[in-house]
Amino acid sequence: MEQYNIPQGLYYTHDHAWVKVEGNTIRIGVTDFLQKLAGEITFIRIPRVGKALAAGATLCSIQSGKWAGKIQVPMSGKVLESNGELPTNPKLLNSDSYDEGWVCVMEPDDLAVGLQNLIHGDDADKFFTEEHAKYSKPE
Amino acid sequence: MNLYRLGLMPWAETQAIYHVLAQTRQEGLVICRPSAPCVCLGLHDDLEQEVNVKYCQDHNIPLIRRDIGGGMVLLAKEQIFFQLVLRAGNPLLAGRREEFFAKFLEPAIKTLASFHIRADLKPPADIVVNGKKISGNGAGDINGFAVYTGNILVAFDRTTMSNVLNLPSPRFRELTRLSMQRYLTTMEEELGYTPDFTAIEEQLIANFSTWTEGLQSVPYSEKLKTAVKATAKDLTSSDFLNLPGKQTQVRQVKINEGTYIRLHHLPECFTPNVSGNRECINQAGKVCPGYAILIIQGGEIIEFESNGFLCWANSHINSLKDYLLGTKWCDSDIRSAICKWQQSLASNITTINEELLLRWLLVR
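These protein sequence lines map, in sequence, to chains A and B. Final position of the first sequence in the numbering used here is 139; the numbers increase by one with none missing. Final position of the second sequence in the numbering used here is 364; the numbers increase by one with none missing.
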């Protein structure tokens, strides 16, 4: 899709997180779609390092103007690292959501099982096409 | 869509109800009022930074945090709440999250019009009457559902609002109260009388029903009430209230969309001591007490007040105000204002550290 940057090789969640597999760990961030939908992000509450989180729990929450949204934990595991730059520079989520704007690194309890619930490959293109149709303004 | 017309209800339930509707994946419109005042924090407000907790405790004003955005507010029974919960795929939600505010606030604007109050949307999410805010709003996603909340200020206690805020000085508190006097309004103040709450609610519902499909009044069932009470406990729990929030370098209070009151402490003393060190000699190494209170509106300085310059007695700093008012709050314009001020002082003053002044006035 031309409107959004959707890197191939990443996994995606229905609430617009991306997941990158790095060996036995996963790196997580928010998608270009989400940052465009949100507008200028002014704050993020990042997950605490060392915390064990269940799939579906709140991973992080973001603020844009008077709107606040959340990203859920894509698969259960432990937070190994959080991007400490983001609370003071949340604009990275808008300007570089797939690189400098990463949110955290987790060690999943079961990576293989966790990935089965995520969107990948051709399904990702289909998902973003549907999401775009859902949120785009009627002509 | 279900309509919950609940009138006066326990303060915590006014917030918990829209959380429960979203958590249980039900669309709905809620119209209600809190039976007692409370302080309600936005999801990312920092409790310690924003709230004068001692004042709230001493005056029995309870605290609650909502799971959606917007800033900290004082809620009271003189405010009518309208809360809309929509599934993520609802066609009404097309476009950016904040863009829906224009649609969401339309019924409130029409309601005010029906009382002969000419109100306008001030994007992204304020309703103003002659530039004065008359409604508070917030939004967020809960469990994949979009929640938009707003209120109409029928009356508003600005003194209590300025007291429940954690503010750095009595003067800052007073200026905050005065700013709210200047830049907030209420239906009561616009009309000169207290309008009938029922009539306002009916207008609101009628205006929402023009674009919400099949609005149908439903009772506040015991099952829903039980779930709401349980959620209210979570929203008022110490853990949730004390979640880390957005902290700012400068104490700032948003009065309305685009209007902020800010306290700028002097970053270092204007007068270096003999060793060239800029620790304030009158304060024995402590931070210089010099400060400015700025009110910024639409990106311009509209009020400036400074005090506490023990080391700079003949600074004429207060005359800087004449050059700052109306100036854009940006480097180039403030630099130019400082230059003009310096020229006006001519021989009255020897040296002014322009960069320090700039850092002081522009700190974000």
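Be aware that one or more of the hints could be misleading.
[As the list claims (entries may be wrong)] Computed cross-link-like contacts, DSSO-like style, restricted to lysine-lysine with a CA-CA straight-line distance of at most 30 Å:
#  : chain 1 : residue 1 : chain 2 : residue 2
1  : A       : K70       : B       : K122
2  : A       : K91       : B       : K225
3  : A       : K36       : B       : K254
4  : A       : K36       : B       : K321
5  : B       : K122      : A       : K91
6  : B       : K321      : A       : K51
7  : B       : K246      : A       : K70
8  : A       : K51       : B       : K233
9  : A       : K134      : B       : K103
10 : A       : K134      : B       : K122
11 : A       : K91       : B       : K229
12 : B       : K246      : A       : K78
13 : A       : K70       : B       : K225
14 : B       : K340      : A       : K36
15 : A       : K70       : B       : K328
16 : A       : K70       : B       : K103
17 : A       : K51       : B       : K246
18 : B       : K321      : B       : K340
19 : A       : K70       : B       : K321
20 : B       : K328      : A       : K36
In short, the hints are calculated from the structure, not lab data.
Consistency of the hints with the structure:
In summary, the hint linking K70 (chain A) to K122 (chain B) is supported, as the alpha carbons are separated by about 26 Å, within the 30 Å threshold. Under the criterion of a C-alpha separation no larger than 30 Å, the hint pairing K91 (chain A) with K225 (chain B) is inconsistent with the structure, at around 40 Å. Between K36 (chain A) and K254 (chain B) the alpha-carbon distance is near 25 Å, which keeps this suggested pair within the 30 Å criterion. Between K36 (chain A) and K321 (chain B), the direct Cα distance comes to roughly 40 Å. Violation of the 30 Å bound is thereby established for this hinted pair.
For the suggested pair K122 (chain B) and K91 (chain A), the alpha carbons sit about 24 Å apart, so the restraint of at most 30 Å is met. With a C-alpha separation of about 51 Å, the suggested pairing of K321 (chain B) with K51 (chain A) is violated against the 30 Å cut-off. Between K246 (chain B) and K70 (chain A) the alpha-carbon distance is near 15 Å, which keeps this suggested pair within the 30 Å criterion. For a cut-off of 30 Å, the pair hint linking K51 (chain A) to K233 (chain B) stands: about 24 Å separates their Cα positions.
A hinted pair counts as satisfied when its Cα atoms are at most 30 Å apart, and K134 (chain A) with K103 (chain B) qualifies at roughly 17 Å. Distance restraint check for K134 (chain A) and K122 (chain B): the Cα-Cα separation of roughly 26 Å lies within the 30 Å cut-off, and the hinted pair is therefore satisfied. For the hint linking K91 (chain A) to K229 (chain B), the alpha-carbon distance of about 37 Å lies beyond 30 Å, and the restraint is violated. With a CA separation close to 24 Å, the supplied pair K246 (chain B) and K78 (chain A) stays within the 30 Å bound.
Restraint check for K70 (chain A) and K225 (chain B): satisfied, since their Cα atoms lie roughly 26 Å apart, inside the 30 Å limit. The hinted pair formed by K340 (chain B) and K36 (chain A) fails the criterion: a straight-line CA distance of about 42 Å is larger than 30 Å. Between K70 (chain A) and K328 (chain B) the alpha-carbon distance is near 35 Å, which puts this suggested pair outside the 30 Å criterion. For the suggested pair K70 (chain A) and K103 (chain B), the alpha carbons sit about 23 Å apart, so the restraint of at most 30 Å is met.
The suggested pairing of K51 (chain A) with K246 (chain B) holds, with an alpha-carbon distance near 21 Å, which does not exceed 30 Å. For the suggested pair K321 (chain B) and K340 (chain B), the alpha carbons sit about 12 Å apart, so the restraint of at most 30 Å is met. Between K70 (chain A) and K321 (chain B) the alpha-carbon distance is near 43 Å, which puts this suggested pair outside the 30 Å criterion. The hinted pair formed by K328 (chain B) and K36 (chain A) meets the criterion: a straight-line CA distance of about 29 Å does not exceed 30 Å.
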